[in-house]
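Protein chains: 2
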Amino acid sequence: MVSKNEIKLIKSLTQKKYRNKYLLFVAEGEKLVNELVKSHFKIKQIYTLENRDIDLDKTLVKLVTEKELKKISNLVTPNSTLGVFEIPAFKKPLKGGLQILLDGIKDPGNLGTIIRLCDWFGVSQLICSDDTVDCFNPKVVQATMGSIARVNITYVDIVSYLEKSEMPKYMTLMQGDSIYRQSFPNDAIIVMGNEANGIRPSIQKLADYQITIPKFDLGSNAESLNVATATAVLLSEFRR
Amino acid sequence: MVSKNEIKLIKSLTQKKYRNKYLLFVAEGEKLVNELVKSHFKIKQIYTLENRDIDLDKTLVKLVTEKELKKISNLVTPNSTLGVFEIPAFKKPLKGGLQILLDGIKDPGNLGTIIRLCDWFGVSQLICSDDTVDCFNPKVVQATMGSIARVNITYVDIVSYLEKSEMPKYMTLMQGDSIYRQSFPNDAIIVMGNEANGIRPSIQKLADYQITIPKFDLGSNAESLNVATATAVLLSEFRR
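The listed protein sequences correspond, in order, to chains A and B.
The opening residue of the first sequence carries number 1 in the working numbering; numbering runs sequentially from there.
The opening residue of the second sequence carries number 1 in the working numbering; numbering runs sequentially from there.
Bound-form chain A, shown alone (with noise of 0.2 Å):
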């Protein structure tokens, strides 16, 4: 039995003031959740079809019907498992290796998809700008596919996390050197800017270097690419 309140609660987990009043977060789709239960994000409730098995203490596990996973649900189609789990506590940016800075990503797909090259391109710390969607809003959580995890994200205010970091600040824009001919070092900021204005005046001027992806085709009218596959280029570059 899935309570009234409880549908209210799971439901209002969508919103970020009700994931910071509870401290809670939805992940859903048997492989994550499963994913999400072995990793170091605290159970609250999960919450199956009758005909699954997991392997968990049984007080954490509500068996429910299709029904009922229907009211809670936030997909289209609801998958057979929906997880509830602690947010955890803000921990400090790690210092030293590669990270990503991103000011002020909007769209929930770019940043779950920018979280899961941090986890593949071994990015040691994810640093997202205050206004930066967050990353427990569930549709971040599902295309992270479970990256969520085992990537160490950190919301501050950026003007001063770059005006106090030694290491070197790359920003990508459009008046930038190529990626293709220079060399990278291991340890550095890569900073990536909102899908419709860039990077902000006044971070750009923390640049240490500017960087540009180079257009294959010149007469190409094609003004950007998008801001997750152009942190795919960049880790890729950085790493090879």
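A hint or two may mislead.
Identical chains blur together in the list; that is why a pair holds if it fits in one copy or across any two.
To be verified - The calculated lysine-lysine pairs, modelled on DSS-like cross-linking and capped at a C-alpha distance of 25 Å, are: (1) K169 with K42; (2) K92 with K70; (3) K215 with K38; (4) K95 with K215.
In short, the hints are calculated from the structure, not lab data.
Since chain A is already given, all that's left is putting chain B on it; use the hints.
For chain B alone, kept in the frame of chain A given last:
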């Protein structure tokens, strides 16, 4: 005035069978529509809010109210402009150059992002398997940001296409050789597989080269990259 039949027609274009019946597709947003207006696509009709100005033959432009725009739009928050364009006739794939071949891509956002990448990296031909999502699906068109007008896209039987082609065929497979330890030709076909299942075995056996994007942190549980970000990394590596 937008007639009931017009609304019905435009809304039907979210479905492939009606796009194929009427040979029409929809694009939304002032910037995107303006870009397609300047392209080789033939305009059927542009709908735009009364306060907007559009530089076009007046018979092709219909001024609409916000209420009317909402009725024909596929977006949650409709933009100011919606365009209906003709789907051009089937074109035979170009020979030579760098080609991307998609084996069963299902997500419209992924296909749109890949089309945008093909534009940026000067891909001569994008080949899609017959079961890849339709490139005139409105979500694909939106995600291309206008690149749909600049990339050659063809849907074919990919088995016979690959069997007939004499170009070297690169397939991205887990067990492939690192992309960072080889050099690539200018003329090649890069095959990318379905989001969940990768490249079909019947296609895999047509590979000349098996390649992979190595994971930086081998201890990480990350299983794969998103197909669009993997395409970004590969295209950058072929073009660098």
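- Task: Report the numbers of all earlier hints that the structure fails to satisfy, in ascending order.
- Result: 1 and 2
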